[in-house]
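S.K.: Sequence:
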Amino acid sequence: MLPHADSEQAPRSLEPHRGVVPRVVAIGGGTGLPNVLRGLRPVLFTDASAPRERLVAIVATSDDGGSSGRLRAEFKVIPPGDIRNCLAALSENHSQIADIFQYRFGAGDGLNGHAIGNLVLTALADVTNDFAQAVEIASRVIGARGVVLPATSELVTLVAEFTDGRVLSGETAIAGARGRIARLSLLPDRPRCSTAVISALHDADVIVVGPGSLFTSILPPLLVPAVSDAIHASKGIRILVANLMTEPGETDNFSVLDHLLTIERQTGRQLFDYVIYNTMPVPEPLAQAYGVRGALPLVTGSFELNALDRLGVRAIGVPLVSEHPAGKIRHHPECLAAAIAALAQGKLGAWRTRSDPGGK
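Per my numbering, the sequence shown runs over residues 7 to 366.
Just so you know, the hints here were simulated from the structure itself, not pulled from any lab data. Hints should not be assumed to be uniformly reliable.
Have a look at the derived ranges for each label pair, beta carbon to beta carbon [to be verified]:
1. 241 to 117: 41 to 51 Å
2. 298 to 146: 40 to 50 Å
3. 241 to 323: 23 to 33 Å
4. 147 to 115: 25 to 35 Å
5. 113 to 352: 49 to 59 Å
6. 300 to 204: 35 to 45 Å
7. 275 to 115: 45 to 55 Å
8. 115 to 287: 44 to 54 Å
9. 57 to 352: 14 to 24 Å
10. 136 to 305: 40 to 50 Å
11. 163 to 274: 15 to 25 Å
12. 185 to 111: 32 to 42 Å
13. 208 to 160: 16 to 26 Å
14. 293 to 208: 23 to 33 Å
Here are the simulated SDA-like cross-link-like pairs (lysine to any residue), alpha carbons at most 20 Å apart as the crow flies [claimed, not checked]:
15. 334 to 253
16. 241 to 202
17. 82 to 101
18. 82 to 149
19. 241 to 279
20. 241 to 273
21. 241 to 195
22. 82 to 255
23. 241 to 204
24. 241 to 231
25. 241 to 275
26. 334 to 289
27. 82 to 138
28. 334 to 324
29. 82 to 165
30. 334 to 255
Yeah, the Cβ is synthetic: ideal placement off N, Cα and C, and Gly gets one too.
Required output: the full structure, derived from the provided sequences and hints.
M.R.: Below you can see the structure in the form of structure tokens.
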């Protein structure tokens, strides 16, 4: 039986075996980034006095669907949904206020579909005229351990050029187009980025990118020139977390290597020192359910591993599959956090779980 994210059998927390607790920056969006934050929060904040800057989330800002898209269109605000999910993931012990923040209206004229947190962030941005300040206020209200920063300080639109000649604008349209993307870009092409984002990347001991939708969660923040420049120049460890499954219409037949090469092609540079990939088979019932929709487990064979090695990227295989209570496949947050922490300390096994004092 697969461990659930909230399973008591899963490692509940991690503690440093040696050395200084690292400063970690995690980049992405969607459901992947909050999962990374849920795993890392108890790892990095083992005492109440730990500085919040120990864990920084840099969140994609190109979403234009659902509640976020409606608020973006009406109020010209940076889409708040992914940021709201990251704030909730960093809330200590899933506080009640964080649960309220996540509440979504199921009815009501003008309210149907909106999450309370999205409305709060939009209101705070309107009052302060500064979305980053709005996020910081909300972070303190819900007791987030860590810092959440939007990847850009202005609205951006994702643009995709497909191999069949189509050019589509907007994350929602691109995700639903089901075609091979030749080139991805942002409008404006050099969006403003806060100094806090660049400082966090400069100071990071570890930079984690992914998991998440390659073209709509992972790449958009990396297409911000200041962000990719800072990652490329970083003296920290740079880690790509590979997805568990392909995405129908976006990454059909992609391997782990294909993900890395696509990022290199789209950004113009190789950004990573490590790739963490899954070694655990997806249970057959789940694999079949995903397969009906065209999603397959990512391939990581000897060819891919050898190619990654030739590129100077070390591949780290970890059993990461966790079954979400809703019947979805997710990365196990604690297992992923343990692998990231191990790399942060310079060697696997330098961090240990409390449920495994021997570090085995």
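S.K.: All hints, please: hold or fail.
M.R.: Hint by hint, here is what the structure shows:
1. Range check, residue 241 to residue 117: Cβ separation about 47 Å, and the 41 to 51 Å hint holds.
2. In this structure the hint that residue 298 and residue 146 lie 40 to 50 Å apart at CB holds, the actual value being about 44 Å.
3. Look at residue 241 against residue 323: about 26 Å separates their beta carbons, and that is inside 23 to 33 Å.
4. Checked against the hint of 25 to 35 Å, the C-beta distance between residue 147 and residue 115 comes to roughly 27 Å, which is consistent with it.
5. Distance hint check: the CB atoms of residue 113 and residue 352 are about 53 Å apart, consistent with the given range 49 to 59 Å.
6. Distance hint check for residue 300 and residue 204: the Cβ-Cβ separation is about 38 Å, which falls inside the suggested range of 35 to 45 Å.
7. With their beta carbons about 49 Å apart, residue 275 and residue 115 fall inside the hinted range of 45 to 55 Å.
8. Between residue 115 and residue 287 the Cβ separation comes to about 48 Å, which falls inside the hinted range of 44 to 54 Å.
9. Roughly 22 Å separates the CB atoms of residue 57 and residue 352, a value that falls within the hinted 14 to 24 Å.
10. Taken as a hint, the range 40 to 50 Å holds for the pair residue 136 and residue 305, whose Cβ atoms sit roughly 45 Å apart.
11. Checked against the given bound of 15 to 25 Å, the beta carbons of residue 163 and residue 274, roughly 20 Å apart, stay inside it.
12. At about 34 Å, the CB distance of residue 185 to residue 111 agrees with the hint of 32 to 42 Å.
13. Between residue 208 and residue 160 the beta carbon distance is about 21 Å. The supplied range of 16 to 26 Å therefore holds.
14. For the hinted restraint 23 to 33 Å between residue 293 and residue 208, the CB-CB distance of approximately 42 Å leaves it violated.
15. With a C-alpha separation of about 13 Å, the suggested pair residue 334 and residue 253 falls inside the 20 Å cut-off, and the hint holds.
16. Between the alpha carbons of residue 241 and residue 202 the distance comes to roughly 18 Å, so the proposed pair stays at or under 20 Å and holds.
17. The hinted pair formed by residue 82 and residue 101 fails the criterion: a straight-line CA distance of about 30 Å is larger than 20 Å.
18. The suggested pairing of residue 82 with residue 149 is violated, with an alpha-carbon distance near 27 Å, which exceeds 20 Å.
19. Only pairs whose Cα atoms come within 20 Å are accepted, and residue 241 paired with residue 279 is accepted, the gap being roughly 11 Å.
20. For the suggested pair residue 241 and residue 273, the alpha carbons sit about 19 Å apart, so the restraint of at most 20 Å is met.
21. The suggested pairing of residue 241 with residue 195 is violated, with an alpha-carbon distance near 26 Å, which exceeds 20 Å.
22. Distance check on the hinted pair: residue 82 and residue 255 sit about 30 Å apart at the alpha-carbon level, beyond 20 Å; violated.
23. For a cut-off of 20 Å, the pair hint linking residue 241 to residue 204 stands: about 13 Å separates their Cα positions.
24. Note on residue 241 and residue 231: the hinted pairing holds, with a Cα-Cα distance of about 18 Å set against a maximum of 20 Å.
25. Annotation: proposed proximity of residue 241 to residue 275 holds, straight-line Cα distance about 16 Å (limit 20 Å).
26. Distance hint between residue 334 and residue 289 is fulfilled; the C-alpha atoms sit about 11 Å from each other, no more than 20 Å.
27. Restraint check for residue 82 and residue 138: satisfied, since their Cα atoms lie roughly 14 Å apart, inside the 20 Å limit.
28. At most 20 Å may separate the alpha-carbon atoms for a hinted pair to count; residue 334 and residue 324 meet this at roughly 19 Å.
29. For the proposed pair residue 82 and residue 165, the alpha carbon gap of about 18 Å is at most 20 Å, so the pair holds.
30. For a cut-off of 20 Å, the pair hint linking residue 334 to residue 255 stands: about 19 Å separates their Cα positions.
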